[in-house]
Amino acid sequence: MSLQDLPLLELFTRLRKADLPLGIDEYQLLLHSLQGGFGISDRAALKRLCRTLWVKSADDDRLLDYHFEQVMPRQITSEVDSEAPEPLIEEPETPADSPSSLLNPEAPPLSPPTPSIEATGTSEMTTRTEDEVRVAQTVLRATNIDDEISVLQYISSDEYFPVTRRQMKQSWRYLRRPIREGPPVELDVEATVNEVGNKGMLIEPVLVPRRINRAELLLLIDQGGSMVPFHMLSQRLIETAQRGGRLGKADVYYFHNCPTEYLYRDPAHQEYERIENMLARLSQQKAVLVFSDAGAARGGFSRERINLTRTFLAQFKQQFRYIVWLNPMPGSRWRGTTAGEVMQFVPMFDLSRRGLDNTISALRGHFTSLVQFKA
Amino acid sequence: MDEVLTNTLFKYTGTVQPKPGEHDDNGQLLYPYQPDDALVEAVNLSIYLERPLLIKGEPGCGKTRLARAVAKELGLPYEAWHVKSTSRARDGLYTYDTVGRLRDVQLTAAGRLKDEYISRIDNPASYVQWGPLGEAFRNEQRTVVLIDEIDKADIDFPNDLLLELDERRFVIEEVGLRMEIQAKQPPIVFITSNDEKDLPDAFLRRCLFHYIKFPERERLIEIVQLHFRDASEALVSKVVDRFRELRKKMLEDKGEAGKKVSTSELIDLFQILSRDSGDEALANVDRKLPASVLLKSWDDHIRYLGLIDAKV
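Protein chains in written order, with this note's numbering: chain A, 1 to 375; chain B, 1 to 312.
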């Protein structure tokens, strides 16, 4: 297959569908590079080119790998060496992401296989066994590829939650409390002009510290039991809050069902800390976000759990002004469960884009309606 | 036509190395640099497409050194911008010495400024100090610009650079001055990141990306030999093997995320070992390796001290 009719557009469309941040510009970039003589020497080179141009993270890399293998024909001959004979049987290929093929662009994975048949002899017997081996190899490879598909399809639909990583990060960014702190580096023009006016002469400019985000977040995550299906989701919440946002600090504590006397520092509930001690240590500026289904996942109604939750919330409210409850279950499932009662004490939102945005504005102290679903 | 000419002119090969002890214009010692082929290709692609190349990789794998090596081989001017946590995007373009100007005006009013300085006040442009990217834009030659550790800055920092990197122009808007700077030649931009913060998608979209992998054994040996040309082959391969052993163990324990010994530490290690000559150095490799070069946290100290101790 020559360069002109490579399924590049197909690859591009597939990657776009898999949520890689690609635009028409990126496609043109590829064409432009190909015209410039990049990535045309062989299949591995083309893949390297696509990787450099389109891939921005390890996850993207895996997606590219998968779709490239799916879409690109095994044999690519560029116009440069179009006289190379079309190999009849595929050579058992080295995995494309092996370091050796990356390091060595001249590695010819597309060269025709050595004609071992002639070399080993011409007897019919040998040829037949050779053929059988080939068939077995092909079957083996085909089934291997199938395995890979099932795994990779799972990976490619990584963002199946109601809120994607990117949206979470965007939401977290709104949680901010800018405070001037740190070394004085910014010129306070107004104050400097005032100084000059007072003294009739500029002696020293007035500097102030730069504004930084001091919004601190305390995440309380319900772990285990009915929350097991949401562990991935809670991990993602933590990850985006700590890495993607511009939060001053995000502390994470875990509990099971309802925090009573202790909170745990790790998801496995190994390291514990008394709530009183924790409260004594933390600053009052923190916004508190509780991530729990509050019994809505199993639909139970427990008077005891309601009372425990109320006690815990009352204890926290003495110290923190903003406490918000984020529920992974949709709002329509809260009524008649413990969650329906808990939402009387604390603003509760479900984990949708809108719910998360509401959560953030509630954490910033903005007014939000407590009623989430129609009565 | 011009563009085509400049594009074809610059092709990085990664094979031209500085002579031992050679210094650059600022008196900085130049080091040899041994990129792998995929990296060379990515560099050439970035030169050709005039897009910034974002480089990631574990600490000590040579992200920062690349830009200088490219500048050296292509014989182009080099500008480095080491980003700090307080850096603003504008600092890389220019800073305006407002306070200096105010001071000059004050001194003139007080009659204490010489005439040649007074003419300076009339020209607002004389208070502009160019940043690395600003210098590169003004240079008649294509300039290699390094934006080092971009993830250290504020999260908005990369986004503030979008227009400058995209259209290669910026505007100076200060008192009585509106100056537009358009790049004379597209700079060759390298950006390094230690992955401490995620970069915004809009910024990523405009960059080419390359991850520097940890070198294989043969390449490690090549790298050491490039740095220490008169080292014996036996010594080099012995040190590299012990080093790889330690790294392998660290990789097993810590996985991909933890701090592991890297290329730069290998070079430090070799420097120490090669103080002794010949057989003595060779014997030293079997004895205790210098822990202070290899183990950089107390945890590492406890766990791996046995591994670098004398082999019995």
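You may find that some hints are simply not true.
Straight-line Cα separation of at most 25 Å, SDA-like style, residue types lysine to any residue; simulated pairs [unchecked claim]:
| hint | chain 1 | residue 1 | chain 2 | residue 2 |
| --- | --- | --- | --- | --- |
| 1 | B | K11 | A | S332 |
| 2 | B | K84 | A | K199 |
| 3 | A | K249 | B | N194 |
| 4 | A | K199 | B | D97 |
| 5 | B | K254 | A | A268 |
| 6 | A | K169 | B | T86 |
| 7 | B | K11 | A | L34 |
| 8 | B | K56 | A | L247 |
| 9 | A | K47 | B | D201 |
| 10 | B | K213 | A | K249 |
| 11 | B | K56 | A | R243 |
| 12 | A | K17 | B | R206 |
| 13 | B | K254 | A | S41 |
| 14 | A | K249 | B | E222 |
| 15 | A | K249 | B | N159 |
Rather than coming from a laboratory, the hints here were simulated on the basis of the structure.
Since we're looking at a predicted model, the values are computed, not measured.
Going straight from one Cα to the other, do K84(B) and K199(A) come out at no more than 25 Å?
The given pair, whose Cα atoms are some 35 Å apart, is violated under the 25 Å limit.
Restraint status (C-alpha distance of K11(B) to L34(A) at most 25 Å)
At roughly 16 Å apart (the allowed maximum being 25 Å), L34(A) and K11(B) satisfy the hint.
Check whether the Cα positions of K56(B) and L247(A) lie no farther apart than 25 Å.
holds, 24 Å
Is the Cα-Cα distance between K249(A) and N159(B) 25 Å or less?
holds, 22 Å
Between K199(A) and D97(B), does the CA-CA distance stay at or below 25 Å?
holds, 22 Å
Next pair to validate is K213(B) with K249(A); report whether the Cα-Cα distance is within 25 Å.
violated, 32 Å
Are the Cα atoms of K56(B) and R243(A) separated by 25 Å or less?
holds, 17 Å
For a C-alpha distance cap of 25 Å, please report whether K17(A) and R206(B) respect it.
With Cα atoms ~19 Å apart, K17(A) and R206(B) stay inside 25 Å; holds.
Is the hinted pair K47(A) and D201(B) satisfied, with a Cα-Cα distance of at most 25 Å?
holds, 22 Å
Verify the proposed pairing of K249(A) with E222(B), using a straight-line Cα cut of 25 Å.
The given pair, whose Cα atoms are some 44 Å apart, is violated under the 25 Å limit.
Does the structure keep K249(A) and N194(B) at a Cα separation of 25 Å or less?
holds, 20 Å
Given hint T86(B) paired with K169(A) - CA-CA distance at most 25 Å
With Cα atoms ~22 Å apart, K169(A) and T86(B) stay inside 25 Å; holds.
Hint violations for this structure: numbers 1, 2, 10, 13, 14, all remaining hints satisfied.
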